[in-house]
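Residue-level listing of the chains:
There are 2 protein chains.
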Amino acid sequence: MQYPEPIAKLIDSYMRLPGIGEKTAVRLAFFTIDMDKEDVSEFSKALVSAKSDLHYCSLCGNITESDPCVICADKTRDQQQVIVVEQVKDVMAFEKLRDYHGLYHVLHGVLSPSEGIGPEDINVKGLIRRLQANPEIKEVILATNATPEGEATAMYISRLIKPAGIKTTRLAHGLAVGSDIEYADEMTLFKAVEGRQEI
Amino acid sequence: MQYPEPIAKLIDSYMRLPGIGEKTAVRLAFFTIDMDKEDVSEFSKALVSAKSDLHYCSLCGNITESDPCVICADKTRDQQQVIVVEQVKDVMAFEKLRDYHGLYHVLHGVLSPSEGIGPEDINVKGLIRRLQANPEIKEVILATNATPEGEATAMYISRLIKPAGIKTTRLAHGLAVGSDIEYADEMTLFKAVEGRQEI
Numbered sequence: 001m002q003y004p005e006p007i008a009k010l011i012d013s014y015m016r017l018p019g020i021g022e023k024t025a026v027r028l029a030f031f032t033i034d035m036d037k038e039d040v041s042e043f044s045k046a047l048v049s050a051k052s053d054l055h056y057c058s059l060c061g062n063i064t065e066s067d068p069c070v071i072c073a074d075k076t077r078d079q080q081q082v083i084v085v086e087q088v089k090d091v092m093a094f095e096k097l098r099d100y101h102g103l104y105h106v107l108h109g110v111l112s113p114s115e116g117i118g119p120e121d122i123n124v125k126g127l128i129r130r131l132q133a134n135p136e137i138k139e140v141i142l143a144t145n146a147t148p149e150g151e152a153t154a155m156y157i158s159r160l161i162k163p164a165g166i167k168t169t170r171l172a173h174g175l176a177v178g179s180d181i182e183y184a185d186e187m188t189l190f191k192a193v194e195g196r197q198e199i
Numbered sequence: 001m002q003y004p005e006p007i008a009k010l011i012d013s014y015m016r017l018p019g020i021g022e023k024t025a026v027r028l029a030f031f032t033i034d035m036d037k038e039d040v041s042e043f044s045k046a047l048v049s050a051k052s053d054l055h056y057c058s059l060c061g062n063i064t065e066s067d068p069c070v071i072c073a074d075k076t077r078d079q080q081q082v083i084v085v086e087q088v089k090d091v092m093a094f095e096k097l098r099d100y101h102g103l104y105h106v107l108h109g110v111l112s113p114s115e116g117i118g119p120e121d122i123n124v125k126g127l128i129r130r131l132q133a134n135p136e137i138k139e140v141i142l143a144t145n146a147t148p149e150g151e152a153t154a155m156y157i158s159r160l161i162k163p164a165g166i167k168t169t170r171l172a173h174g175l176a177v178g179s180d181i182e183y184a185d186e187m188t189l190f191k192a193v194e195g196r197q198e199i
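If you read the sequences in order, they're chains A and B. Residue numbering for the first sequence follows the UniProt record's numbering, starting at 1 and increasing by one per position. Residue numbering for the second sequence follows the UniProt record's numbering, starting at 1 and increasing by one per position.
Treat the hints with caution; some may be incorrect.
One copy or any two copies: either way a pair holds, since identical chains are not told apart in the list.
[As the list claims (entries may be wrong)] Taking lysine-lysine and the DSS-like style, the derived pairs with C-alpha atoms no more than 30 angstroms apart in a straight line are:
#1 Lys125 to Lys45
#2 Lys37 to Lys125
#3 Lys96 to Lys23
#4 Lys23 to Lys167
#5 Lys138 to Lys167
#6 Lys23 to Lys191
None of these hints come from the bench; they were simulated from the model. Please read these numbers as outputs of a predicted model, since none were measured by experiment.
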């Protein structure tokens, strides 16, 4: 005997999600059957709605229901600063700070020659177009990840932008707040010493 | 800025699943947005269908689209043996053996006084009713888990059934095939010695 078709299909769907293997999918499917009918119907609608009601902002690449997104449309925000990030989730991380009131630009990826991802595969052109159209932008903060790909992408973009006289900055490297020096890796420690500041 | 509503709702729904915290839910939600539209719509339908098209077999408690389920309805199966299991997933485990051709009975739980689960909360009454209505059932194999609750439940059911003259058996305890004696826990080793067989 196989699983009845409705549950087999649901197991299949769960297995398409990242990090979910067969055992977990089976567990989730049986859990679903025992869930409230309303919760399941809400889940089902949320899936379709997330797929069909959301798109990327044509200006900054952030995920949004309206175009331009609420951040780009908010004229009270500082129009002089743009934080460039790899992905939408990074925008949320900065927004949680409640301390930054400028704009964002989402690249949707990083340069990665080994995976064949070049400048035309990420949202760099959109950034250049935006900088040309908005001379009020004074500073571009490159907030790609502290990975080799993130560093290379930041370097690439800064070389493109600098000639236009726009200030280009990179997030500081160093010890994470609350971390032990004992456990810091060499590169981080090196960067922390290099970037030391007078107190 | 919060997440746009469609994605916030989807994150909420993912978080209701067992073992999925906020970070994973966010990751799954963003993954969903990048999935094929068809896959998402299939997933959405599978959720509703699993909830509305499936119910429990009125005879054995297995999950099914039709009532009675395909196993109960299959008269070519051995009508003399019934394996009693805790949950639907256990039926699937036995069916994978392809070596057992009898019937099943799903308890949907185990006795657990500490959680307030008594005999009336699990599908014991259904089993007794079935045994009374089907005198051709000769053996009840108690295949609850090898946990204290599973053992107690097996013991409870065997005491209920035995007076009626039905053979009641319990799965063997011992070393898992392929396992090392070095790593076996004491109880398992004790049971393995106790249940030793001549070769």
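30 angstroms Cα threshold - placement of Lys23 relative to Lys96:
between (35 angstroms within a copy, 15 angstroms between copies)
Alpha-carbon proximity context of Lys125 and Lys45, limit 30 angstroms
neither (35 angstroms within a copy, 38 angstroms between copies)
Checking an output row: Lys23 and Lys167, CA cutoff 30 angstroms. Within, between, both or neither?
The answer is neither: 51 angstroms in one copy and 34 angstroms across copies each exceed 30 angstroms.
Could you place Lys37 and Lys125 in one of the four classes (within, between, both, neither) given a Cα distance threshold of 30 angstroms?
Between copies only: 27 angstroms across, 46 angstroms inside.
Tell me, please, which holds for Lys23 and Lys191 at an alpha-carbon limit of 30 angstroms: within, between, both or neither?
Classified as between: cross-chain Cα gap 28 angstroms, same-chain 43 angstroms, threshold 30 angstroms.
Copy assignment of Lys138 with Lys167, given that the CA separation must stay at most 30 angstroms:
This pair counts as within: shortest intra-copy Cα distance 6 angstroms, inter-copy 85 angstroms.
Of the hints listed earlier, those the structure fails to meet are numbers 1 and 4, in rising order.
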